[in-house]
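Participant: Residues per chain are reported as follows:
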Amino acid sequence: MPKLVGQNYVPVDHVAKVTGRARYAEDYRVDGMLFTKLLLSPMPHARVRSIDTTAAMAMPGVRAILTADDLPDLEGAERGLTNEPMYAGEPILAVAATDELTAAEAIERIVVDLEPLPFVTDPLEALRPDGPSARLNGNAWGAPPPGGPGGPAAPAPLETIKWTAEDFGDEESGRLPMGKALEEWAFGDLDAGFASAAIVLDETFVAQSSGHHPMETRSAMAYWQNGKLFIHASTQSVAQTRGNIARWVGIPPEDVILISEYTGGGFGSKGGGAVSTSIPCLLSKKANAPVMMRITREEESYIGRARTNMTGRAKVGFTKEGRITALDLFIVQDTGAYGPLGDHRSAGLAASLIYQPAAMRWRAVNVLTNTPPRSQQRSPGPMQANGIMEPVITKAARQLGIDQLEIRRLNSPEGKALFGPVLPTGQRNHVTSAFVKEALDRGAERFGWDERKTRTGKRQGSKVRGIGVTVGPHGAGSIGWDSIMTIRPDGKLYVQSGVGNLGTHSVLDLARVAAEVLDMPWEKVEVVWGNTGNHLPWTCLSVGSQTTHGMTRANHAGAMDAVRKLKELAARDLGGAPDDYEVGGERVFRRGNPGRGMSFAQAGRRAIELGGRFDGHDLPEDINPMTKASATALAGLGLMGVAKDTYPRDGITYGFVIGFAEVEVDVETGGVTLIDFVAVGDVGTVVNPRSLVAQIKGGACLGIAHALFQKSVVDPRYGVSLSDRFHYSKPLSILDIPASMHAEAVGLADPETPVGAKGVGEPPVGAGYGAVMNAISDAVGEDVFRRAPVTSDIVLMSLENGRRMHAPLQAHV
Amino acid sequence: MSLSRRTFIKGVIAGGAVASSSAYLFRGGGSLLGQTSAPGSVERLITLVVNGQQRRVDALRQETLAMTLRYKLGLTGTKLGCDRAECGACTVLIDDVPHYACSVLTHSVRGRQVRTIEGLASPTGELHPIQRAVVDEQGFQCAFCLPGFVMAATGFLKTNPNPTREELAHGISGNLCRCQDYDKILTALMRGAEYMRGA
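Listed in order, the protein sequences are those of chains L and U.
Counting in the working numbering, the first sequence runs from 1 upward without gaps.
Counting in the working numbering, the second sequence runs from 1 upward without gaps.
Hints listed in this document are in silico derivations from the structure and should not be mistaken for laboratory results.
Take the hints with a grain of salt, since some may be wrong.
To be verified - Think about it this way: if two alpha-carbon atoms lie no more than 25 Å apart in a straight line, the pair counts; the simulated DMTMM-like pairs of lysine to aspartate or glutamate are:
(1) L:Lys524 x U:Glu137
(2) L:Lys437 x L:Glu414
(3) L:Lys524 x U:Glu166
(4) L:Lys437 x L:Glu451
(5) L:Lys730 x U:Glu166
(6) L:Lys730 x U:Glu86
As the list claims (entries may be wrong) - Have a look at the derived ranges for each label pair, beta carbon to beta carbon:
(7) U:Arg110 x L:Gly138: 56 to 64 Å
(8) L:Glu108 x U:Arg110: 30 to 38 Å
(9) U:Asp96 x L:Ser50: 17 to 25 Å
(10) U:Leu105 x L:Pro689: 39 to 47 Å
The C-beta atom is built at its ideal place from N, Cα and C for all residues, glycine as well.
With the rest of the complex left out, here is chain L (with noise of 0.2 Å):
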């Protein structure tokens, strides 16, 4: 039997990969293609009062101009262009022609006439009793209204809140204003949890905004051939992707045919693809011409998404063993002029798992500012939770003498661990599973914590290294995804997948899972993918870490359902009953009587033969409308398995990231540098293990970036943005990585999910962010800093001066 499962693999697309053949959004060509140029908004808040394009229409070569009036109505949903830019960088009109130097020539004949508005880019001057706002009719996103039974949840209502001049009364001492929160839950008995506790910490920290920043920018090129719109988009999840080209469009999902092969990484601020790509799509049906969008770095800083940013302050008791007795957690997240995003509610909910206070409350405002639109950015929410809440964990562990790890694995969850408020049912959610603090203990061991504290916090002439650990904590899998797979009269396994080709390799690592139930060779396995024109199943955004749990159990049901319709046409043709067969060497055969059997190639012909469920004809009934449609169109290739999961689980999956860090600052220039990294998975099974482990570096190095220089910048006085290129936005370079970097997984299953497998592209980020913040306090002191990243001024000007010198509250600095 081929176990697939666990081991390392040459992706089918690597050499296309190293010859430079594979094929991106921009890589593709039509004859008579156009290019597009946009005209960004220079103001943070305006309305466009008049647009005047008669001299860029009357240049040679200028084949049509899009405007907002030309996109359908989102109902006040973000789109593509605006007649009311709410951030400097927003598209407001697109022009096609000939080519780009022309469309760029173009762009500035037109005359736009805007009026400018009141604009904000700072949250907490949105809540000032007399601050502005981003928007005209308000300033915050209130609590989303429950959903109906079984509905999604409605979507958060706009509203105006204003703080009053005594909430903002503790402004001076640099902790976080509490004005009234929109949003809010709490379990435990907070008053007696800080009354039992031998210490309470109050402090308060800003977690930064960063920009995605992909390698490959949101690029796209659309036309249209015979009432059907073809695209080439960048996107996470190509299944998904469709259904909302075709709402950002107004056209019925069945008329999109998305091509996206391969994706140019996405980070979350691709999730579902991008709102833009409507540009290129309406503006190619308008030019009635093919039309190429090339977006620049620039553009990309402006539009191509950037994390929340979150000010946060927590309170917190703990026994004089360092057990978390109550927590207050209040989070004023930026979403920037769109939104609402939901980073603030995991970042509650994460703080309460990988702290399990026994009494917690969690407030928050959701504040929107004129500053570049924000999406999830990996680890969305439970990253920034890390930066608020490890200082304060870091500061009390010291006050009480207590080791650092010792202090984190005490108050780490383990088993069906509880976490987040007591819901409508009296009770409150629990994890899947929880291996944290075999995770920690593996770590520590491989790091060599013990040894190296011993080390930590002496000078060395100007140099002072010091070591951290923090548990990175995510979301790690969703349920209810469908599959297809055909096994086909040349003897080949099919499975078709919804998944975006973003790099994870999850894309294929799916299928390993079909074939290994199945007893298939891999080489003998075709995946299809990219193109929603080659018929792909109902698949899960590949955002949240949900993709290797949520689309292994739905390839593992589909691959049971193949086999079962192996052993009944076996039994249907051979005799006796279905259970008397087995599958195995691309064969279905009588148990105990190998010769009596059917091989894989015979038993796909004979399933067309018969039809009905056994070539597709037949569907189940609760599967996806996309997934029916796809299996219909494929019906009638061989024996289809194809099923919706609906394996059990109890709990909410998570999964986690531990890491440990070593650095050494110099005191005398205040700079940083990492030493060496260690990380280690609690993430379920391993499907693929070279792969897990760049994940887990990657999403790390990600952590560690934030905490050392990654960062948006926007000046407040004119509202633009400044981190609009990469030397700006200073994200890590080869240079800035450890010499030694280690990371594995503990590799215990999840027991709720029937291959075992859980989620690993967000946890290490959080693990990276914290781990480093540690270590450097653990150099130079815990109360040196209190916002990310923490560059060497901040470090230097402390040490200085003998206490924290940054700006205590202000964002985006």
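Given chain L, work out where chain U should sit, using these hints.
Facilitator: This is chain U only, laid out in the frame that chain L set:
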């Protein structure tokens, strides 16, 4: 520049065969910025040597090599990640030295040897040792940055075939990756150096 009619026509045909619309950036005729080869101006129709082949191409004075490769010669393996010399995704070799193709004018590489990711493997499809190493080590994730890294490493290893990890990291530090398992990228490219020494 002297050219026979026959060479000229062959070159135009060859260019057209690769990218069916060979003048995406300039369509002549009615276009506003139509630049013609007026007396005294720079010749627009030039010959480049790309991946060992002579390629005739109609290039604007201000056109970058990256745009010529991608939009006129059909060589889309060279990626544009920033278009302003920050990320290295467009790295190609010019006379064996890595350059950012987004910041090199096409006219400046006349008569020089340009090598792109498409030109690394042998004509029969046998992978270059560095490509083989990247496959063996599964060095990259989304791989948008891959061509630039591989070209930068190829150029660097010509000057230092036996580098330490640290030296190689410095040699390719002009390239960014956002999936950023740089550790594995380095491992893969170190393996490439080893394969090259053995080749």
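Participant: Hint by hint, say whether it matches the structure.
Facilitator: Results of checking the hints against the structure:
no.	hint	result
1	L:Lys524 x U:Glu137	holds (23 Å)
2	L:Lys437 x L:Glu414	holds (7 Å)
3	L:Lys524 x U:Glu166	violated (41 Å)
4	L:Lys437 x L:Glu451	holds (19 Å)
5	L:Lys730 x U:Glu166	holds (21 Å)
6	L:Lys730 x U:Glu86	holds (11 Å)
7	U:Arg110 x L:Gly138: 56 to 64 Å	holds (59 Å)
8	L:Glu108 x U:Arg110: 30 to 38 Å	holds (31 Å)
9	U:Asp96 x L:Ser50: 17 to 25 Å	violated (56 Å)
10	U:Leu105 x L:Pro689: 39 to 47 Å	holds (46 Å)
Checked against the numbered hints above, the structure violates hints 3, 9; every other hint is satisfied.
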